[in-house]
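Residue numbers (my numbering), protein chains in the order written: chain S, 1 to 604; chain R, 1 to 604.
It should be emphasised that the hints constitute simulated quantities derived from the structure, not laboratory data. All C-beta atoms, glycine included, are put in the ideal place defined by N, C-alpha and C. Among the clues, some could well be false.
Residues from chain S that keep clear of chain R, each with C-beta distances beyond 10 angstroms, as calculated [unchecked claim]:
{"#": "1", "residue": "P17"}
{"#": "2", "residue": "P63"}
{"#": "3", "residue": "K106"}
{"#": "4", "residue": "G223"}
{"#": "5", "residue": "F303"}
{"#": "6", "residue": "Q326"}
{"#": "7", "residue": "E385"}
{"#": "8", "residue": "K399"}
{"#": "9", "residue": "G409"}
{"#": "10", "residue": "G548"}
If we take Cβ atoms under 10 angstroms as the criterion, some of the chain S residues that face chain R in the derived model are [what the hints assert, rightly or not]:
{"#": "11", "residue": "D64"}
{"#": "12", "residue": "L66"}
{"#": "13", "residue": "S180"}
Protein chains: 2
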Amino acid sequence: MTDFSVFSRGAEGRIVPPPPPAPRFEDELPDRWGYGDTRLFLNDRGNIEVTGNRYPISGHELPDFLPWMEGQLSHRIDPQDPCLSHYPPSIPGARSCPAFMADIQKVFPADGLSTDAKVRLRHGHGHTQYEIYSIKHGSLPRVPDLVAWPTEEEHVVALVEAAKRHDVCVIPFGGGTSVSQALLCPKDESRPIVSVDMRRMNRILWIDPVSRMACIQAGAVGGHIAKALQPYGLTMGHEPDSIEFSTLGGWIATHASGMKKNRYGNIEDIVLDMRVVTANGMLERTSVHPRESVGCDPRLFMFGSEGSMGIVTSAVVKLTKLPEVQKYGSLLFHDFDNGVAFMYDLSQCAVYPASVRLMDNVQFQFGAALKPRPAGGPSLKSKLEKAIVLGPLGFDKDKMVACTMVFEGTAEEVRSQEAEVYRRAKKYGGFKAGEENGRRGYMMTYCIAYIRDLAMDNYILAESFETSVPWSQVLALCSNVKQRLREEHKKHNLPGTPFLSCRVTQIYETGVCVYFYYAFHFKGVENPSQVYSEIEDAAREEVLKQGGSLSHHHGVGKLRQRFLPEVKSQVALDFVERTRETLDPSRIFGCRNQAAVPEPAHSP
Amino acid sequence: MTDFSVFSRGAEGRIVPPPPPAPRFEDELPDRWGYGDTRLFLNDRGNIEVTGNRYPISGHELPDFLPWMEGQLSHRIDPQDPCLSHYPPSIPGARSCPAFMADIQKVFPADGLSTDAKVRLRHGHGHTQYEIYSIKHGSLPRVPDLVAWPTEEEHVVALVEAAKRHDVCVIPFGGGTSVSQALLCPKDESRPIVSVDMRRMNRILWIDPVSRMACIQAGAVGGHIAKALQPYGLTMGHEPDSIEFSTLGGWIATHASGMKKNRYGNIEDIVLDMRVVTANGMLERTSVHPRESVGCDPRLFMFGSEGSMGIVTSAVVKLTKLPEVQKYGSLLFHDFDNGVAFMYDLSQCAVYPASVRLMDNVQFQFGAALKPRPAGGPSLKSKLEKAIVLGPLGFDKDKMVACTMVFEGTAEEVRSQEAEVYRRAKKYGGFKAGEENGRRGYMMTYCIAYIRDLAMDNYILAESFETSVPWSQVLALCSNVKQRLREEHKKHNLPGTPFLSCRVTQIYETGVCVYFYYAFHFKGVENPSQVYSEIEDAAREEVLKQGGSLSHHHGVGKLRQRFLPEVKSQVALDFVERTRETLDPSRIFGCRNQAAVPEPAHSP
């Protein structure tokens, strides 16, 4: 018998989950990506070894990777000659602002404020190669002077009020995983800078299990949110690559996209309401609705605002029932063009798998090179499979590409999606490559950033950057951007050959998100990080020329700010700038003169 | 063989369709809803008769409707005593602004400007009962002084520039179907007012058939867009009730929702880019992308801006392939609660039908009463069906409700959705009531507004208003709002009993959109339109109290403006107001003092 009263209970039917344990951030490394238990290094045998047990490659030796990478870069990597990190760099002293401090000390607990040098350093950068290279091999000219950890919205309100009173600059901080240099402090900022680390505001304030909504504090980390909702059979479904570290507030500020957006939507599809502490006061609503038309919505301005409009303290998000069935899948195609054509075909379905991603040939080889060597050598089955794929099936190991998929839903939904996917794949010569390869491909996403640090330890600078592009330009964009990177590599007289790869990570009816990966060996290169930035800028120019966007979901930050006038009219830029001025006249959030020519990434 | 070059062609692969014929607006009536060929009237036999051939009821007599409606209202309707319209009312003279006129005459063709009284009148209102009652039985204190029909974006730019120079107020006009009183001119507006009728800017500028996007001028009417895209096998899929008359620009300005949003999305999901003429210049971008993260997006401010931020001149929209299969369906449930529970269950699928709507019992009866009487009486089959439903199946004619559905997609998708729908319906005692009832239910949507005019001709004031509400409040909201309407009806000493009905027109994972319908017989009632407005306001108060939104897709306009402070914080209101100030300092778009207490709808 249906209990109809659930459709009348409203707020009375809400669940208030117990507060989570205090978050432990000491597990995270200050100078490298991710958890301290996971370390990739070249061992004495010259093999890559991975510590810990979190990921598919954890606890393994990866003997194929180094030789393969050396081939890509046309350069020998000498395990006896690591590129030693000089972390921590010299850290600028903290400017004091006793009046401000006195004001907020009335509100914040003693352990909620810190001027520790390393803590301030960690809050002054995100995770671009430039930032990580700077803290290991250079320095940062400016970092926050104070770090504050609010635990209540009132703390944030009081801090912002005090910042206004005492002319302090405020930078919100989520997971610190930004890849847009949004967290870098402008070197000429003369006001004291306070970094507001939101991660102690990590409670789920309520769940409406009937309407499938939850109100979550902005500092909650993705992984914790998933864990906290799981007992109620619910999920947000938002899974960015950084889900282990990034926060709800950070997702809103960067206009994030998750790997399963096909099923759960991007962040703007998931967030129904938010509370924002602005310099003018509280941006808030009295109730939350599935969708509405009530005039211009200032909350929409928070998506992509990158901390420049205020601090999001909590948001009401849409939830989905945990899927009955979760299944992985993978496909091989003879070349990238066929893979793209398949994904295009798939984008015409009403529903496609939660995640569908296409690796180009280099990335496919990269993934294969990262496989641990099984004890006793490869199994007969895997040898046979390989022989069949490369033999009778006619796959060329230097052309073939792979597509990985995650299906989620009811048993019927997953069955129907699988049928649709494999039927369409056949048209493009697709070959089913099994569930395990699909699962591994999905999980490996979490390892990519660790590999960036391993690379840097061995004189390799590596970085990814992404864009979105309509279907009618996707192949031209992929090949022209790679070509441009090859030319730039040459033009800069860099050693060896460039590591170049791309993948299609999201599909839409109208186009795709493409990631590019570029790496080079930098031993003997002067200012390698600056060279990388110059080449990345050139690649971005090419992306824009080929009809790509400035960013699909990483955001603009300081890294891509100089390109804004190329993609938006002056009226559009002024619109945002003037909105900032009116909302925050003394510009406590961000630079006083945001419209000025931005600082180039490569001039620390 | 796949032609991979389509993924590299970009703008070169775009199709430029031939311009459409000049739009004919003379088919539309100035004083009633819709087309002149469709007239509902009480004939000499005392039966309702419908002229024309556009709709399911066209060309028919509807003998059951009048007696049924009399029963609902507990009031006799006398065909010999119609409520005669006094249209046209006296129309305020046009204020002249010779300098402005001289400027724009340099740009506009002679037939692109009019000061004709009836034309100005028509551009001074939308389609709420208050507005239509005013033009038939009262007057409008202020209407535009000039109507301009731009055919090119340059015309709009020149007009806005001239308006700034000469202090003229500008109101954009789409289909004139607004139901928020957004088109009403403030009576104390002392500046000349120009209404910018966008409907001659109706071209599809290009179609990218590979990326499935089209750039469409903002004045294109829904029906025309559908017709123009059809030869290319594509559709926008946006089908609001007003699709025959409303425009793309109007949809953006009102933040519209279409009946098939489950498959195609709401307007904000469909629009990828837009060009806007603001008082500061052109809001525009250099290219269009499937999705991006490039900072705060001022274009998002246009959704729901209701003409107050500028004039949208064109938009790039997402297209979908025309569905292989389109199929209707319908279900009967024993009562409203079971119908709602079924829709809730359905909202947990990954895909539900393009449209699913649930009528309450009164609306179900209303639909049945609108059926033409077949020649020779009802068929044996239909008599039998009725007998079975009311007999062995135990449906109570005063409780049963109906759900209508539209399925669209590939054959496999439609099959799978149907299976899912009927499987879930069984759990709630759902009875399959056939395709024909589903199709009729969908098509009848287009007739509702015509019935409003028939009602007014016979001393009945009728109107609908909508909201959105989370699932956990939907039943309480529906019953409490109806109860409040009953109480208000009594409190105002209105004759007979109120006609009261609701329907759930949209479902979301988190809630629904609900429409309410309220009508009363007004013969002998003083200021009936004002009384209606007062009662509607009371109902809106109740909606807000029950957790409903101010509007799901109709918008705020002047009708609901007074409620804004109840739903948004002062910071949110100021944010929008200040943004307006900076974007349009002399406020050529809309009132100089928008923040002032709004004019009540019921004080003409």
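Hint check results:
no.: 1; hint: P17; result: holds (17 angstroms)
no.: 2; hint: P63; result: holds (37 angstroms)
no.: 3; hint: K106; result: holds (24 angstroms)
no.: 4; hint: G223; result: holds (22 angstroms)
no.: 5; hint: F303; result: violated (7 angstroms)
no.: 6; hint: Q326; result: holds (13 angstroms)
no.: 7; hint: E385; result: holds (26 angstroms)
no.: 8; hint: K399; result: holds (14 angstroms)
no.: 9; hint: G409; result: violated (5 angstroms)
no.: 10; hint: G548; result: violated (7 angstroms)
no.: 11; hint: D64; result: violated (32 angstroms)
no.: 12; hint: L66; result: violated (35 angstroms)
no.: 13; hint: S180; result: holds (9 angstroms)
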